[in-house]
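There are 2 protein chains.
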Amino acid sequence: MQKPSLPKGTRDFGPLQMARRTFILDTIKETFQLFGYQQIETPAMENLSTLTGKYGDEGDQLLFKILNSGDFAKDVKAEDLGNGPAALLNKVSEKGLRYDLTVPFARYVVMNRNELTFPFKRYQIQPVWRADRPQKGRYREFYQCDADVVGTDSLVCEAEIILMIRRVFAKLSLQDYNIKINNRKILTGIAEAIGEAGKEGPLCVAIDKLDKIGWEKVKEELAQRGFEASSVAKLAPLVALESDLAGKLEFLKDFLKSSDTGLKGVEELEEVFGILEKMGQDLAHVDFDIMLARGLSYYTGAIFEVKVNHVSIGSVSGGGRYDNLTGVFGLPGVSGVGFSFGVDRLYDVLDELGLFPAESHSSTRLLLAYFDQAGFDYALGLLNEFRNAGIKTEIYPNPVKIQKQFDFANKKGVPFVGVCGSEEISTGTVSVKNMATGEQDKMTLPEVLAALA
Amino acid sequence: MQKPSLPKGTRDFGPLQMARRTFILDTIKETFQLFGYQQIETPAMENLSTLTGKYGDEGDQLLFKILNSGDFAKDVKAEDLGNGPAALLNKVSEKGLRYDLTVPFARYVVMNRNELTFPFKRYQIQPVWRADRPQKGRYREFYQCDADVVGTDSLVCEAEIILMIRRVFAKLSLQDYNIKINNRKILTGIAEAIGEAGKEGPLCVAIDKLDKIGWEKVKEELAQRGFEASSVAKLAPLVALESDLAGKLEFLKDFLKSSDTGLKGVEELEEVFGILEKMGQDLAHVDFDIMLARGLSYYTGAIFEVKVNHVSIGSVSGGGRYDNLTGVFGLPGVSGVGFSFGVDRLYDVLDELGLFPAESHSSTRLLLAYFDQAGFDYALGLLNEFRNAGIKTEIYPNPVKIQKQFDFANKKGVPFVGVCGSEEISTGTVSVKNMATGEQDKMTLPEVLAALA
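Chains as they are written, first to last, in full-length UniProt numbering: chain B, 1 to 453; chain E, 1 to 453.
Hints are computed from structural coordinates only; laboratory data are not their basis.
It is possible that some hints are incorrect.
[What the hints assert, rightly or not] If you anchor each label on the Cβ, the simulated ranges turn out as follows:
#1 G53/E x D323/B: 49 to 57 Å
#2 D244/E x A453/B: 17 to 25 Å
#3 K91/B x G53/E: 21 to 29 Å
#4 D323/B x N434/E: 32 to 40 Å
#5 A453/B x G53/E: 30 to 38 Å
#6 T427/E x E115/B: 37 to 45 Å
#7 T22/B x E115/E: 42 to 50 Å
[Said to hold, decoys possible] Which chain E residues stay away from chain B? Per the calculated CB distances, all over 12 Å, these:
#8 S93
#9 K212
#10 K253
#11 I395
Positions of the beta carbon are idealized from the N, C-alpha and C atoms, including for glycine.
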């Protein structure tokens, strides 16, 4: 007899975890919808031709590939063996599992471009699979939760991303967090301004270590990466800059005066803030981080990253504006801006901060309990009344001792037990016990409905 | 440049389809929860040792297998080739995609048996994958939607399944349908009573064709399947039986008087009906079908199947009671009863009958439209007011001609457009156009909120 197990890096979600995940996802979905985003879903399997070459060599390695059905090995020859997996792969597999939601979305947009109404705002919440080495907090199956608007370069979209993040976090009772924002054009401009045009990539990688290793070490790394000493010297005042938002913008307008691209980035950022102001919104939680470079190779405008303070978990949301979502599938010029929530990380943050509502433990509100057959029959007759009033109600289905019924309610996290004894039967009442406080009240049906609905 | 495509047998769900699927699934989820069922999810991938041997030889063929990551072919030798896929399979693959929700649920119960509270009521709504030949209405990826209660043999569960089906169908506005119900023990009893004990399987297969081929042909088939002429003769009055529920039960009590098992089946059925009566419920839509044999090899008690009348689609729901969910994983004695909704088929039924609510077309209620920059700024200032009131609101993000904004609302199915012109700005109003009726009303903000909330 086999002892069953889970594939490594995968998880079951039991009732408690599902209730909590649903709490997070419902909050996110409701917010996306409030801002006009529409849900789509794409298949778990995509053709390998759709997936490969989109995530770099490492990504191609991490794709889960699906064996062709039937006699998958019929085209394999002895001489195909021993040359590593690449030679064999295209003979035995033509499909892979979704690796992210961006490439399937791009494919969807291309395949449906004549039917879609642009600007097209879509959200998508589905699992993705990566053959990563499993470790704490990193799984081979995990959910992504993306929202993108394509077919417009309006900066209203960027402003609304900030509003959506703030709304989701408020609904989740998260208060201490930063929405870091930057603009790729500013990074491009900085590289130009210090005389190292085109090298914003290595520049950001090095600067990113500033907090950890200090400016002296960062300077060494920049030198190693081929930056001129004079360039690094020009960079110093920017690195040393400590200022509020207005001061940062003022500084950059001077620092970037030789770079049209850089100035355009500052202008875009100011416009996003201006739109927020027109919307009657402040800049709470918004933190302009001049060196933020998340996903640099992909983003062309705004860049976002959200971190919750005082928790052990990294960024829980991020995104940015891109120029060319679908070019690789033959449809150029589809620009847009998108962001995503890291659902697993948000779960861990809420868990660490104890912010999950107690309600989400069990959805059942009321268990009807009884001592004997007469009580059982009485309770059966009441079930429908409670359910018709929308109260999630159960009855313990077998006649067992009432203590066992209470144990069941306790273990399942049912907040109220309605005792149906001989006195309750004769008076047409139910004795409702609040499992948290221990209080018990004999109530008429309308009273129960009013108390629990 | 590659032209992207979908793997055959898979589908994208666009916004309209997703809204409609969500309408169906939310109805089902809400009902499951009202009856105390809790949601779980299991991984898309399972170990092949969990999956193989559970679905018969054909099922094993239809499992999607996942290539091992890394150098998957490192153990493959030349002599492994040319002998068909079976010899190679265990060298290149150890995981497969979920084929149904029952086996993963059984695995889950076994792995979590010490933490679960029994009776355990779970529901699960996830896609499954089968390497079937794709054809109309049959896909390689489709959703299953299962509810099971395990760890009790109470017939209250069977009665509540009937209630849940009726509630879901009422909420979906489905009125003309039958919940066919039978009991495996009755089928066993019939085989015993006609002197063909143990042959209820072939008996049901033959009888199932009665409507199509007539009694004479069914008799021939029974003879071919080894039934004695005297047995077939004993069966004739049962086949000819046309009666109401009471008549059927009366007939069977006599017909099955030699079979304890058969009489037990009748008794269980009567108890289910008795529980419904104690619950104050009638037998609307309930149709006792003496020959219903869905999934015979698996079920040991009640058997359910639901068909909508006057549509071209087969059964949309079904299930039954089983004895031994988890025996194959080394945990005997876990009995239960479960049923599932065919989400794709329900979708097709509602589509065929035109029962999808118009509301589900788009979630956005209001598009703010404008003529110029002043109107755009004014609209930006209003967005938050509407959204804070829970009204799903959008603004066309780029300044374009107002006709294009109306076209956008039309195509996206937004029911109201709020025009922000110079007059509206000066009076602090919005002119709200009902896109269905063409009516347009100038309203103050509180009026708009009242009208649309």
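*Which numbered hints turn out to be false for this structure?*
Hints 2, 5, 7, 8, 11 not satisfied by this model.
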